[in-house]
Amino acid sequence: MKDRFISGYNDFVLPFVIGMSFILIYLAIGIIRVIAQLPAQDRKKFFLSLINPKLWIINLKDIICDVLLHTRIWKRKPLLGYMHSSIAFGWFMLIVLGHIETWMFVPDRLSTFYYPVFFRFFVMETDHTIGGSFFFFLMDFFLLIVLSGVFLAMFKRIRSRIFGMRRTTNNQLPDRIAMYCLWAIFPVRLLAESFTAGIAGGSFLTRPMYWLFSNFLTNTYHILPTWWAYSTLLGTFFVLLPFTRYMHIPTEAFLIVLRNAGIKVSHPRKGYSIAQIYSCSNCGMCIDACPMMGQKKNLRYATVYFNRLLRRRNWARCEESADKCLMCGKCVAVCPVGVDSCNIKRSLRGLKAAPAPADYGYFSTYSLSESATTSPSSAEPAAGQEKILYYAGCMTQLTPVISKAVGTVLDRAGVNWEFMDRDGGICCGRPLILAGRDERAREMIRSNTELIRQSGATVLLLSCPICYKVFRENYDLKGIRIVHYTEYFDELVRLGRITLRNSGEKLVYHDPCELGRGCKVYKEPRRVLGAVGELVEAEKHHDESICCGGSLGSLTLSYEDRKDITMHSLDNLLYASPERIVTACPLCLKTFSPYSPKKVSDFAEVVAQNMN
Amino acid sequence: MIDFGYGISPSSAINLDKFDRTRFEELAREEPDVLKCMACGSCAASCPTAGHSDMNLRKVILLLGRGREDEALRMVSHCMLCGKCLIVCPRGINTRHLIPSVTKIYQKK
Numbered sequence: 034m035k036d037r038f039i040s041g042y043n044d045f046v047l048p049f050v051i052g053m054s055f056i057l058i059y060l061a062i063g064i065i066r067v068i069a070q071l072p073a074q075d076r077k078k079f080f081l082s083l084i085n086p087k088l089w090i091i092n093l094k095d096i097i098c099d100v101l102l103h104t105r106i107w108k109r110k111p112l113l114g115y116m117h118s119s120i121a122f123g124w125f126m127l128i129v130l131g132h133i134e135t136w137m138f139v140p141d142r143l144s145t146f147y148y149p150v151f152f153r154f155f156v157m158e159t160d161h162t163i164g165g166s167f168f169f170f171l172m173d174f175f176l177l178i179v180l181s182g183v184f185l186a187m188f189k190r191i192r193s194r195i196f197g198m199r200r201t202t203n204n205q206l207p208d209r210i211a212m213y214c215l216w217a218i219f220p221v222r223l224l225a226e227s228f229t230a231g232i233a234g235g236s237f238l239t240r241p242m243y244w245l246f247s248n249f250l251t252n253t254y255h256i257l258p259t260w261w262a263y264s265t266l267l268g269t270f271f272v273l274l275p276f277t278r279y280m281h282i283p284t285e286a287f288l289i290v291l292r293n294a295g296i297k298v299s300h301p302r303k304g305y306s307i308a309q310i311y312s313c314s315n316c317g318m319c320i321d322a323c324p325m326m327g328q329k330k331n332l333r334y335a336t337v338y339f340n341r342l343l344r345r346r347n348w349a350r351c352e353e354s355a356d357k358c359l360m361c362g363k364c365v366a367v368c369p370v371g372v373d374s375c376n377i378k379r380s381l382r383g384l385k386a387a388p389a390p391a392d393y394g395y396f397s398t399y400s401l402s403e404s405a406t407t408s409p410s411s412a413e414p415a416a417g418q419e420k421i422l423y424y425a426g427c428m429t430q431l432t433p434v435i436s437k438a439v440g441t442v443l444d445r446a447g448v449n450w451e452f453m454d455r456d457g458g459i460c461c462g463r464p465l466i467l468a469g470r471d472e473r474a475r476e477m478i479r480s481n482t483e484l485i486r487q488s489g490a491t492v493l494l495l496s497c498p499i500c501y502k503v504f505r506e507n508y509d510l511k512g513i514r515i516v517h518y519t520e521y522f523d524e525l526v527r528l529g530r531i532t533l534r535n536s537g538e539k540l541v542y543h544d545p546c547e548l549g550r551g552c553k554v555y556k557e558p559r560r561v562l563g564a565v566g567e568l569v570e571a572e573k574h575h576d577e578s579i580c581c582g583g584s585l586g587s588l589t590l591s592y593e594d595r596k597d598i599t600m601h602s603l604d605n606l607l608y609a610s611p612e613r614i615v616t617a618c619p620l621c622l623k624t625f626s627p628y629s630p631k632k633v634s635d636f637a638e639v640v641a642q643n644m645n
Numbered sequence: 715m716i717d718f719g720y721g722i723s724p725s726s727a728i729n730l731d732k733f734d735r736t737r738f739e740e741l742a743r744e745e746p747d748v749l750k751c752m753a754c755g756s757c758a759a760s761c762p763t764a765g766h767s768d769m770n771l772r773k774v775i776l777l778l779g780r781g782r783e784d785e786a787l788r789m790v791s792h793c794m795l796c797g798k799c800l801i802v803c804p805r806g807i808n809t810r811h812l813i814p815s816v817t818k819i820y821q822k823k
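Protein chains in written order, with our numbering: chain G, 34 to 645; chain U, 715 to 823.
Watch out, some of these pointers could steer you wrong.
Simulated crosslink set (DSS-like; lysine-lysine; CA at most 30 Å straight-line) [stated by the list, open to error]:
hint: 1; chain 1: G; residue 1: K385; chain 2: U; residue 2: K773
hint: 2; chain 1: G; residue 1: K297; chain 2: U; residue 2: K818
hint: 3; chain 1: U; residue 1: K732; chain 2: G; residue 2: K357
hint: 4; chain 1: U; residue 1: K818; chain 2: G; residue 2: K303
hint: 5; chain 1: G; residue 1: K77; chain 2: G; residue 2: K94
In short, the hints are calculated from the structure, not lab data.
The model shown is predicted, which means the values in this text are computed figures rather than measured ones.
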């Protein structure tokens with residue numbers, strides 16, 4: 034194997050070189066901009082993460098799994114996973130193998146970065162070696178894998194249902210041009226390599242193609258044009274890249290590094306968010322996932338379109354889309370890239386919210402419930418005994434059945450507990466945070482923290498997942514254990530402090546968004562419910578459970594639209610025809626109750642009814 | 715109505731000609747829901763600030779309709795936006811969007 038040309042250059046590489054240089058410069062500027070726009074402490078976090086060897090290993094693992102192999106899609110939809118990983122991993126291997134070949138046979142050419150890409154054009158085969166044919170075999174093998182992926186991608190445009198997707202993204206013109214370029218790149222590469230297989234050699238794919246073509250194309254004039262076409266396609270693709278969905282190819286790795294550094298969204302269109310929205314591959318998984326998509330008119334509010342509008346700085350429509358979102362987090366859960374769109378939407382709401390003066394002076398008039406302050410247990414609890422403070426939250430005030438049941442269970446278990454807001458209390462702050470008004474929420478957080486500290490409790494028990502999330506994430510309550518009642522009751526059962534009897538009733542458990550996707554509590558409520566009845570699963574459950582429609586996340590969703598979501602969610606829950614729907618969120622209970630054909634109960638209620 | 719000045723307390727008569735309704739009309743354009751309110755008071759009854767502040771959404775809507783904007787704005791500033799009123803409203807009014815809109819529109823000078 035040796036060089037065919039002394040110069041090691043041909044004019045056809047120019048489009049590729051121009052495209053590649055453009056995208057590299059664009060990326061370099063983009064990365065510098067993102068880092069410059071990060072808030073100071075985030076920037077520090079990022080640089081510190083770069084010198085942390087442990088994070089390097091995590092980054093490397095995540096990049097291989099997410100960017101190259103697409104394990105997250107494999108887990109959900111194998112065929113779709115194969116399509117994505119065949120193109121990504123196959124292409125990556127073609128690039129790597131091209132470099133290895135160059136390094137093995139013509140090492141002095143490694144410095145020209147186009148050479149490994151067009152390796153087959155620049156070399157001629159002088160002798161057969163096992164090593165050489167092994168690499169040629171690998172090259173053809175990975176090209177075949179990429180081609181199979183490309184054909185699946187083409188087929189997906191016609192029938193996306195085969196891939197488990199009801200709807201797929203509606204591409205715009207630049208996306209479409211880039212997509213056709215991408216589809217054409219690999220077949221053209223196969224042609225180019227086949228035409229040169231007589232000179233440079235080939236393997237199981239390229240050599241038979243060469244023989245086939247040489248039977249009726251006896252001259253060699255078509256070699257150069259196909260290489261020109263290949264290079265032009267690559268060049269066009271790279272130049273279009275920043276303006277299309279395919280920008281996720283280079284940016285996703287950067288996003289993973291930023292995410293693992295622990296950076297959070299702080300501005301919807303600056304810093305970390307740029308990395309997020311440019312990493313959106315417009316795959317459209319979020320379209321089917323979104324509970325709003327039951328109605329066709331809501332299709333335009335899908336997260337994928339929100340990301341696209343945000344990239345183009347279409348603020349008006351972005352705002353509309355962000356205000357509509359239920360913040361149920363399902364699009365984030367199914368996103369193969371993990372674009373944290375809920376937080377981007379939240380920060381956009383905050384940015385666009387009209388200034389509203391708040392007067393929370395009356396917070397000082399709230400105090401702990403009488404029982405909590407007058408009982409002697411507000412002093413130091415006895416050794417080994419925990420003192421529980423139960424905060425029901427606003428929503429539970431509307432469903433007193435929950436707080437009553439929680440009280441029954443706690444009394445039966447004989448724990449030392451106090452009701453923090455029996456006579457009403459301050460909101461936890463999560464609704465304001467969801468509306469993007471974090472600084473107003475801070476006042477509530479401060480007042481509630483004071484009240485909780487006053488009580489001298491060691492455990493804060495919550496029955497509302499909305500409160501639970503905010504207490505876990507935004508409150509600073511060191512030394513106090515924050516626990517949701519599903520987790521706590523599970524613990525009581527396992528410790529034997531309450532015993533349950535199995536009524537044999539067929540139950541289905543609805544994962545509230547904030548508890549499931551928000552706090553990752555899935556198995557505790559199921560373990561307890563499994564002990565009191567026969568637990569069946571809904572059609573979509575765990576990470577993919579469907580929002581009840583009552584979410585406080587949405588600011589503009591109308592009453593009718595909410596009702597449609599509720600009905601859809603109920604259909605999903607009644608899939609296995611249960612006798613009773615059990616949920617662990619007062620809001621879900623309140624939303625489901627009027628529409629459900631089956632009885633809807635709260636988790637605490639079911640536990641209280643089935644205690645021995 | 716003519717005020718003869720002999721009342722014990724100041725007149726509480728509302729003269730719809732005497733205040734500028736443009737802002738309320740603007741609000742009604744942006745939030746048509748506000749016209750749906752039948753003043754049942756469910757929102758006020760469920761409000762967690764009840765008993766601690768004078769926030770009362772039913773009153774806010776009435777006051778705005780009567781041009782008593784300052785009072786309404788003061789009430790709204792106490793709102794924690796918890797959304798309980800949204801859940802209980804029998805007319806399906808999106809109160810969580812209405813309240814920020816009120817501040818947005820009435821704060822414009």
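Hint check:
Note on G/K385 and U/K773: the hinted pairing holds, with a Cα-Cα distance of about 27 Å set against a maximum of 30 Å. This hinted pair checks out: G/K297 and U/K818 have alpha carbons roughly 29 Å apart, not beyond 30 Å. Proposed proximity of U/K732 and G/K357 is contradicted: the alpha carbons are some 38 Å apart, above 30 Å. In summary, the hint linking U/K818 to G/K303 is supported, as the alpha carbons are separated by about 25 Å, within the 30 Å threshold.
With a C-alpha separation of about 23 Å, the suggested pairing of G/K77 with G/K94 holds against the 30 Å cut-off.
Against the hints set out earlier in the document, a violation occurs for number 3 only.
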